[in-house]
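Throw the hints in and build the complete structure from the sequences for me.
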Amino acid sequence: MAYTPELRELIKKVEATRPARLERARRGENYPALTMDEREEVLSKFHPDYQKDAKRIVRVGPNKGDSLQDQVVGLLESKSIIRPDKVNLNTINHETDVLVIGGGGAGTSAALMAEAAGCKVIIANKLRHGDSNTIMAEGGIQGATQEGDSPYYHYLDTIGGGHFTNQPDLVAALAKDAPLSIAWLESLGMMFLKQDDGRAVTRHFGGSSRKRMHSAGDMTGAEIMRVVRDEVRNRGNNITVLEFSPAVELLLDEDGKCAGAILFNMETREYSIVKAKAVVISTGGFGRLHIKGFATTNHYGATMDGVVMAYRAGVANKLLASTQYHPTGVAYPEQNVGLLITEKVRGLGAHVLNIKGEQFCFPLEPRDVESAELIQEAMAKGLGIITPTGRVGLWLDSPMIEELHGPGSVRKELPAKFIQFERHGIDISKDPMLVYPTLHYQNGGICVNGNSETILPGLYAAGEAIGGVHGENRLMGNSLQDIITFGRRAGKNAAAYIKGGVELKKLTLDHVVKFEKELAEAGIENPQIAPILLPDYSTDEVAANRWPEAVTEKV
Amino acid sequence: MCEITKQPEIKVATGDRAILPEGAKTIPIFVMGKKYDVPETLTIMKAMEFAGFKFLRGAGCRGGICGACPTVFRMAGDYKLHFGLACQTVVEANMYLAQIPFFPANRASYNIEEMSAAADAIHALYPEIFRCVACNLCTKACPMEVKVMDYIAALKQGQIDKAARISFDCIQCGLCASRCMGEIPQYHVAQLARRIFGKFIQPRFEHLVSRVKEIESGKYDQMLDELTKMDHETLKKKYVEREREPDLSSLGAWKPKETQYL
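Residue numbers (the working numbering), protein chains in the order written: chain A, 1 to 555; chain B, 1 to 262.
These are computed hints drawn from the structure, not numbers from a lab.
Be aware that one or more of the hints could be misleading.
Stated by the list, open to error - Per the computed footprint, the stretches of chain A lying under chain B, defined by three or more beta-carbons under 8 angstroms from a beta-carbon of chain B, are:
{"#": "1", "segment": "63-76"}
{"#": "2", "segment": "115-127"}
{"#": "3", "segment": "131-144"}
{"#": "4", "segment": "150-159"}
{"#": "5", "segment": "508-520"}
{"#": "6", "segment": "536-550"}
Stated by the list, open to error - Heads up, simulated BS3-like pairs for lysine-lysine below, C-alpha to C-alpha not over 25 angstroms straight-line:
{"#": "7", "chain 1": "A", "residue 1": "Lys412", "chain 2": "B", "residue 2": "Lys162"}
{"#": "8", "chain 1": "B", "residue 1": "Lys140", "chain 2": "A", "residue 2": "Lys412"}
{"#": "9", "chain 1": "A", "residue 1": "Lys492", "chain 2": "B", "residue 2": "Lys213"}
{"#": "10", "chain 1": "A", "residue 1": "Lys492", "chain 2": "A", "residue 2": "Lys505"}
{"#": "11", "chain 1": "A", "residue 1": "Lys45", "chain 2": "B", "residue 2": "Lys236"}
{"#": "12", "chain 1": "B", "residue 1": "Lys213", "chain 2": "A", "residue 2": "Lys194"}
{"#": "13", "chain 1": "A", "residue 1": "Lys13", "chain 2": "A", "residue 2": "Lys356"}
To be verified - Example chain B residues on the side facing chain A (calculated, C-beta under 10 angstroms, incomplete):
{"#": "14", "residue": "Ile100"}
{"#": "15", "residue": "Phe103"}
{"#": "16", "residue": "Tyr220"}
{"#": "17", "residue": "Lys236"}
Here a beta-carbon is modelled for each residue, glycine too, at the ideal position from N, C-alpha and C.
Rendered as structure tokens:
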């Protein structure tokens, strides 16, 4: 839907303030950033993570006693799809060295590294290979490759952006490996944005001290995913890719080592048993739980499956209460609601504005601070723009980019975004966009060390499923780096673990039995069944028409 | 997002669940020939979910970049065939649609290390590109507006760089291959071209070569180790006091005052 006449009237206010704002931008003047104390204040008042009403205490498992989001607790306190006492664990359907659960960027990198170290690998995907948040990451990937930068400053930016709550060994691993990851992707033939002399085109982003953001158009994640997936296809002799076959439970052996998983073929509804010497969980995040009813930027399968399975096997999570709301999700048109507008738009100089066309924040604060400032402006001050579908938004003045970087820059720098809006009759090189914070990233997750190892021998985890790399707030470009750094480390270390000699004993699901006993003892009645695998978007009317009470059994 | 609306009397969509807003019109659409009434302004994907479909195939990122939901449709009474992504195409009254979540396409396996900047290898792996009859149905079918036929033409002439750039927005949905009279798997050929371009034709990151050596020689290990053990206050001070590279500095030219950690 193109802008309505009412919205067009409001756009005039943005256009009215634009020349003066451009003038200041050209002089290198910015709206002042908040001090550390001011950041604290706006976060505590307006960031959804800090609001107590949507949280409750976990009653079972390794995170017992933690206060987490309602939907997350529901999944941690869930029951298995499998009835453990009825499963015949002697019939093995697949045997392999490494089982990778989740073939996004992290899992696919892990598979490539394990294969390169001589392992046979199976990648179990819930949807297609590559269906993941990786493919949706637009803006870029961090790495201290320029001479004026170094892993030292990457570390500082990352831990400061995370409010010093990050796990230090993970940050060090990220900062150190980042240039290596970029070199690896380059060697695989990724089309990075470069100058004619081969120098990386790198940019600032929210919370950066150096221009460290590498990119490939505005589809950096898609380009990464295309390249690593293509490479897996070249190694089909050693890497088996199973699609529409998510893992639904981990398997342990009698010694307590991780020893595989149960897969579920979602098309034929058959289950199968994979015996593996090492397992990598790379299942991504939880955006599709729609925490607090927020729209999300995440792909269809982002339902926290890996966290659920690892939890039953005794693996704790850290910082799971922390969710990243990306400050600029689409608020209009309705078809694009929740989708991400990359931070690069602000990195290129676009201002965030209220209904009067006025700036109210430094456009490149760390993401949580920026989100809280937008929510404050719209909700507390009432200076947001109400859309025709009753959502609220703020302006993101993309036409400034044309003025600052020359005509055609929007189309050149943001090709995918340009097309996405053009389809709905909005030319973002001429008109601003309406944005509002959207549920973007699971900051916390499975506890691992710098080698991507969990406490369970043989179980590794990488990517959005793990917690601690970003602390309570992730910087742009560190998620793509996280998946490559820890995906590669998980694959390499799993291979090394196997090389050291792994002898699997009898397979067992005793951990599930034990966990469900704990649920009963805690008095948790009618727990949810999880992993939920896919969200349910049935309307109330459709759900009622399915006659949940009046039919005898599922047809 | 109930809590953020300023007009609580309006029913507002939460998350991704579609609703029929007050006063909104419904229109008929035909999913594989069967009629459903859905709210106008929704995408095909959200409209089908509104109607009660639950996707397994045919839905992925829901943001127009993964290629899981290619869809073909015709409008009642019109011969013309249209193409789009279900997550990006808005429903129209009397639209007859079907999804094509998968279309078989031959992919050649290769060793990237054995490729070169010459197009011979591409021609050998995909001789079928010479079966192109220039009908341009591929380009017409592309939901990303990639000029598919043009990159195939470029590859026939050995212009890998041109093909890589033209095909960059490809999401590998397969609609091009589904329409091809020459039975060419365009998107696989384009993937190969882009990787060859990225590896053998684009200039390499020179500055990265030395950075990789520095990292591998352990240059930063001690610095990072010190940071991981640093007390909170010192770390915070270092964070607050770090220099910010000027916005308009040219790449690689700026030198910070503090150089001991570079």
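Report task. State the violated hints by number, sorted upward, taking the hints as numbered earlier in the document. Result -> 1, 2, 5, 14, 15
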